[in-house]
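Chemist: Here is what each chain is made of, one letter per residue.
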Amino acid sequence: DAKTTQPPSMDCAEGRAANLPCNHSTISGNEYVYWYRQIHSQGPQYIIHGLKNNETNEMASLIITEDRKSSTLILPHATLRDTAVYYCIADTSGTYKYIFGTGTRLKVLA
Amino acid sequence: GAVVSQHPSRVICKSGTSVKIECRSLDFQATTMFWYRQFPKQSLMLMATSNEGSKATYEQGVEKDKFLINHASLTLSTLTVTSAHPEDSSFYICSARVTGGGEKLFFGSGTQLSVL
Numbered sequence: 002d003a004k005t006t007q008p009p010s011m012d013c014a015e016g017r018a019a020n021l022p023c024n025h026s027t028i029s030g031n032e033y034v035y036w037y038r039q040i041h042s043q044g045p046q047y048i049i050h051g052l053k054n055n056e057t058n059e060m061a062s063l064i065i066t067e068d069r070k071s072s073t074l075i076l077p078h079a080t081l082r083d084t085a086v087y088y089c090i091a092d093t094s095g096t097y098k099y100i101f102g103t104g105t106r107l108k109v110l111a
Numbered sequence: 007g008a009v010v011s012q013h014p015s016r017v018i019c020k021s022g023t024s025v026k027i028e029c030r031s032l033d034f035q036a037t038t039m040f041w042y043r044q045f046p047k048q049s050l051m052l053m054a055t056s057n058e059g060s061k062a063t064y065e066q067g068v069e070k071d072k073f074l075i076n077h078a079s080l081t082l083s084t085l086t087v088t089s090a091h092p093e094d095s096s097f098y099i100c101s102a103r104v105t106g107g108g109e110k111l112f113f114g115s116g117t118q119l120s121v122l
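Residue numbers (the numbering used here), protein chains in the order written: chain D, 2 to 111; chain F, 7 to 122.
Read the hints as simulated data drawn from the structure, not as lab findings. Since the structure is predicted, the reported quantities are computational estimates derived from the model, not experimental observations. Think of the CB as a built atom: it goes at the ideal place given N, C-alpha and C, for glycine as much as any other residue. It is possible that part of the hints are untrue.
[Said to hold, decoys possible] Counterexamples of contact, computed for chain F against chain D with all Cβ distances above 12 angstroms:
(1) C19
(2) A78
(3) E93
(4) G114
[Said to hold, decoys possible] Some chain D residues judged to face chain F by a derived CB distance under 10 angstroms, without partners named:
(5) C13
(6) R17
(7) S26
(8) I100
Can you make the complete structure from the sequences, with help from the hints?
Modeler: Structural data, given as structure tokens:
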């Protein structure tokens, strides 16, 4: 599985968009990019995933660069409840053995 | 979305005893489940892959005789920490994939194990 690199921490003002970057420069053609978040003392929560195209759901948008070497998770209107550790994972389809990096600790400020 | 239930959420035990943690897929069948361990302020570390009806596959460095995994049905996997010691104190999390479809995993809420 491709290794992912994320900034260790970020702050975002409540109501503003939170843009969380992820570098996965060694990703292969069949590896999906997944985003999960973990709120303290809970299991990871699925946010979104994609292969090549940009994706949007009720929680967030995922922008994947054309070369697929990086992606950005966008929370359009961050709330205090979005404070969590966000993990970007690249996984070869079919294995599901997610390798978690250190993630980005997002703090949403009132 | 699919729900994975993990029980208990918190357990405290004495050193030398064994603890069983259950992971259930509530509204779907899961041929494969995964077990993770997470120490404070660290990321999740994959321990093993649990396969229904067959032996679990352990990651390098994980003692299979200490962390017994049983996946006897399509909706239940159990992790038993045998002869627990204080260094086994950790947050244990399971995840499951919907059999036959879907690329993503669903995670349980985790079990905080404290060994005295």
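Chemist: All hints are to be evaluated individually against the structure, with a verdict given for each.
Modeler: Hint by hint, here is what the structure shows:
1. The Cβ of C19 of chain F sits about 19 angstroms from the closest Cβ of chain D, beyond the 12 angstroms cut-off, so the non-interface label holds.
2. Non-interface status of A78 of chain F relative to chain D is upheld: no Cβ of that chain comes within 12 angstroms, the nearest being about 20 angstroms off.
3. Remark: the non-interface label on E93 of chain F is consistent with the geometry, its nearest Cβ contact in chain D lying 20 angstroms away (cut-off 12 angstroms).
4. For G114 of chain F, the non-interface assignment is contradicted: its Cβ lies about 5 angstroms from the closest Cβ of chain D, within the 12 angstroms cut-off.
5. Look at C13 of chain D: its Cβ only gets to about 21 angstroms from chain F, farther than 10 angstroms, so that hint breaks.
6. Contact between R17 of chain D and chain F, as hinted, is not supported at the beta carbon level, the nearest pair being about 27 angstroms apart and thus beyond 10 angstroms.
7. The restraint placing S26 of chain D at the interface with chain F is violated, with a minimum CB-CB distance near 20 angstroms, outside the 10 angstroms limit.
8. For I100 of chain D, the interface hint holds, the least distance from its beta-carbon to any beta-carbon of chain F being 7 angstroms, beneath 10 angstroms.
Checked against the numbered hints given earlier, this structure breaks hints 4, 5, 6 and 7; the rest are met.
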